[in-house]
Amino acid sequence: MDEKIKEIRENLLKKKERKFEKLTAEESIQIDAYAKEYMRYLDEGKTEREAASRAMAMAADHGYVEFKEGSPLLPGSKYAVSFGGKMVVLVHMGELPMSEGCNIIASHIDSPRLDLKPNPLYEESNAAYFKTHYYGGIRKYQWMTIPLALHGVVCRKDGETVEIAIGEAEGDPVFCITDLLPHLGRE
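For the sequence shown, counting from 1, position 16 maps to 911 in the numbering used here; every step adds exactly one.
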């Protein structure tokens, strides 16, 4: 009876296969290299602006040149253009005319984050606080008690913009959202 059940199970149930264990050494090396490059991209692109900047640099590494108005759209030409520093369009011209069709791939930059509200800084109980709202499909509880950095662009009164990143370098202050009220978390 047990043999019959075992045979039925083998024929009916899906066999769990671990594809990763069946990779060749070369495939494993390629996957590892791709994952490392992707992690680097995520580390360097924590905001839309940083991600767009990194994407433009990666495009340049792969032969894309910045598109200028009037650039010739020759077969095989590769162009990159950034809009507002937050969006990137890459164009790789095919060999056939557009009347024969084209392939379009679209994606978006997803950077889950806490955005600062206008005039966000306030002080209470001898501590500085930011008024924030969350963006990008995250939940409030996902930000608790983890080290955070502040990335962004500050627009000065004179119109100059300054990029900032606080909390990434050794010795920088690190931000945190506590899961306890400050007066309960004292030791």
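In case anyone wonders, no lab produced these hints; they're calculated from the structure. A couple of the hints might just be wrong.
Stated by the list, open to error - Listed below are the simulated DSS-like cross-link pairs for lysine-lysine, each with C-alpha atoms no more than 30 Å apart in a straight line:
1) Lys899 <-> Lys910
2) Lys899 <-> Lys931
3) Lys1026 <-> Lys981
4) Lys1012 <-> Lys1026
Keep in mind the model is a prediction, meaning the values are calculated, not measured.
Structure-based check of all given hints:
1. Lys899 <-> Lys910: Given that 30 Å is the threshold and the Cα spacing comes to 17 Å, the pair holds.
2. Lys899 <-> Lys931: violated, 48 Å
3. Lys1026 <-> Lys981: holds, 23 Å
4. Lys1012 <-> Lys1026: With Cα atoms ~6 Å apart, Lys1012 and Lys1026 stay inside 30 Å; holds.
Of the numbered hints given earlier, the model fails hint 2 alone.
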